[in-house]
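Line by line, the protein sequences are chains A and B.
Residue 240 in full-length UniProt numbering sits at position 240 of the first sequence, and the numbers go up by one each step.
Residue 18 in full-length UniProt numbering sits at position 18 of the second sequence, and the numbers go up by one each step.
These are calculated hints, taken from the structure and not from any lab test.
There could be a bad hint or two in this list.
What the hints assert, rightly or not - 25 Å max Cα-Cα, derived BS3-like pairs, lysine-lysine: (1) B:Lys312 x A:Lys95; (2) B:Lys312 x A:Lys79; (3) A:Lys377 x A:Lys215.
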Amino acid sequence: MHRLALSAVALFLGLARPVLANPYEAVLDNGMKVIVKEDHRAPVAVSQLWYRVGSVDEVNGRTGLSHLLEHMMFKGTQKVPAGEFSRLIAAAGGKDNAFTSRDHTVYFQQLAADRLPLALQLESDRMANLAFKDEAFNSELNVVKEERRWRTDDQPTGRLYEALYAGAFIASPVRTPVIGWMGDLDSMKPDDLRAWYRQWYVPNNATLVVVGDVKAEEVLAQARAAFGGLAGRTLPERRPQPEPPQNGIRRLSVKAPSELPYLALAWKAPRLERIDQSEPYAYAMLASLLDGLDASRLPRRLVREQAVATSVSASYDMLTRAGALFTVIGVPAQGVAPARLEKAIRAELDRIAREGVSAAELERVRRQVEAARIYEKDSMFAQAMQIGTVESLGFSWRDEPEFVRRLTAVTSQQVQAVARGLKDDDLTVVTLVPQPLPKGAPKSMPMEGGDSHGVR
Amino acid sequence: MAFAKRTTAQVGRSGWLVALFLAVMAVPVASAVEIRHWQQPDGARVYFVESHANPILDIHVAFDAGSRRDPADKPGLASMTAALLDAGTRSLSEERLRERLADAAASLSTDAGLESAGIRLRTLSRAPERNAALDVLRAVISQPVFPPAVFEREKRRAIEGQRQQETDASYLADRALERQIYGQHPYGREAAVDVTTLTRLQRADVLAFWRSHYRPQSAVISIVGDLNEGAARQLAATLLTGLPKGGAPLPPVPAVPLSSANPAPVYLPHPGSQAHVAAGLPLFTRNDPDYFPLMVGNYILGGGGFDARLMKELRDKRGLTYGASSELVPYQEAGPFSIGFSTRKDQARSALGVMQETLRTFIEQGPTQAELDQARANIVGGFPLRFDSNAKLLGYLAVIGWYRLPLDFLDRYPREVEKVTVESVREAWRRRVDPSRMATVVVGATP
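Can you make the complete structure from the sequences, with help from the hints?
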């Protein structure tokens, strides 16, 4: 009765259906959130399914579970055999892939907008019906180990970052690499993955983000048809695993095949837990002032003016589920000891702590932040990433203007205050000690084929 | 943006009468992208796509100043010259220039590729920012001064970067392969760069290279964004003023000689945990008569991600690698066909065997009908994804302009792909790709 009355009123008042907001948001009965942003510039769409599970949910001995499960999600369900997911998306002209971070696991497809229902049907199938074989697991485990060798073990920066997080954190699971320790991968079992899947791959732990040449109400109907029949389940308890106070500088070194040394300085910093905290925005502003632009302080002072670094960068991400770091990483210029570069970096931070920053510098970053929001709209994928990141961390896409407002409102005094707050007691310093390749190795390789390939 | 949807959008604005008219008259299918093209009195060719969906503007200017123009004894010169274009101009110091760009919230980058060198600008389309950013772009193009102190600093940085790259197994494998494929041909200059050649570069070399290669008559200007055609014409007309005109034309790029037989792989040592394998030969041109059979075939062999045979054989079936792929790069003269992957050192030889067997089988037997259907469906169905942003579209304009491809290239492409058959793929690959002439490099393992 109630419903009938409502639609009668709607008919009388509006004649047409109401225009949906853009983006449009809905929560299915099983707890899955759906966000659709219409963008009609090209006849394509991107679909991203965000699961709120990542390496910060893992425990020692089982590191790498979330990422390995991401790989196994392509290894078949009862209905869709191994490899068939990607084949079907490709046959529809689409691209698909997935990625795992500390905070979440994300599956995505980019395809012609009218093929979106295929992507949603396939995702809903593997949300509930994953059924990989043990042999598929054994083979894929080898693939992931090769990925680890390629991405981390054989990359100087890969080893540097791994040592940095493992050194800066003791109790928090932020310390472990997303891909997992090689030793943990060695002892991983197929049933570990199956259990991880049952725990976390439920609609109420997922957010679907669609951006593209679609109609919001149609996508919502398609999402309902695809995912609405899946039952929600209670999620396991997430223990906070907080990091105890550091109470003292930590220095460590790691060796790797490399010609150049690397230096990383990382201070513990607060993450954004509530939108109205002020410190995280000030840290974000500080990072941008140091290294957001070519004109920023670190590249200008340390690379171009003093020439003590070949490159240097600062970073801080307030949007994370655990363990934010304020990080400065540099490559000392030839003949410059890492200790001297460390001194130069600290001197720049001290200067800001003492003197603050100029109005022109602040204004530059503000403009950049505003412009970045416009540039971002050129890419559907980037727009979906922005929505998914904010949502999976417990904020709303509606908060974005407020993030921007608060970031651009940061004052010189606030930047000064957080620069002063970078204390040695919260600092971890990692030096990559380069191990040059044996002499006479590849470098001296002759120009083979030179004789037979002369210019004609 | 001017995509297939364009007609509908225009209908929406023009009212139902026009809509009716269009519905009757629009017999030819609306083109994917409407590219406007003209040549300026200074010789530069301009390619423009109007797009008002977002208030942004993207510009790319290319010159015949890529590494193929490096003097034989000075590899790396083209790259160094491009890198220093924004290091200061007659009116702007290096720092002032960077501040100007930052104040306009614009980004500018320069890059020397193998065929051409390019300058790229992204700016807001609003007049104050746009004009400020364009002032910087004009100065960077026509008034760079290559300050001596900056030259010395950037040379030191380039040498440091090179030293570091030479510890990277993947870089070493690719460079060794390029050296084998191209030898002394100008396409081999990039791979001839090392610490010694970089050390040799002088500022006078950079000045001379800039004077003789940054010329309006070789320039290709690509513009995408929130601008009407009149404004685009005006903008383009002022971009290159001040550049020296005329001068002797640059010599044509010679044809790449056919590979000789290369029976044995080259093995190079490396301390890492993986071996990196690279194999290839010079093959593919922009105007290649076999362009589509070779390209569709490459999707099936190794270009099509998880659809491709190399990925199936090396990764899915055997767990030997995280990624194996093959690539065809079309240049004006023969660009490389190459295969690459990395694997744990102790299985490098067996993985190399699987790779070679996969290639041999593909060339001998060609694709199956199912594989061909899958490849065509993906390439044709996914075509709109290739230019669904201004940034991607700018890249296509630059390619269309540089190689003088027809303006309806983006419309023709999927139609040509549809025409490819199992037999045309098999025939083209058999005729063109002789595995016994492929060079092979293994970094990090021994025979």
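Against the structure, the hints:
1. B:Lys312 x A:Lys95: Roughly 17 Å separates the two Cα atoms, so the pair holds.
2. B:Lys312 x A:Lys79: Holds, because 21 Å separates the two Cα atoms, which is no more than 25 Å.
3. A:Lys377 x A:Lys215: holds, 18 Å
Going through the hint list in order, the structure satisfies each hint without exception.
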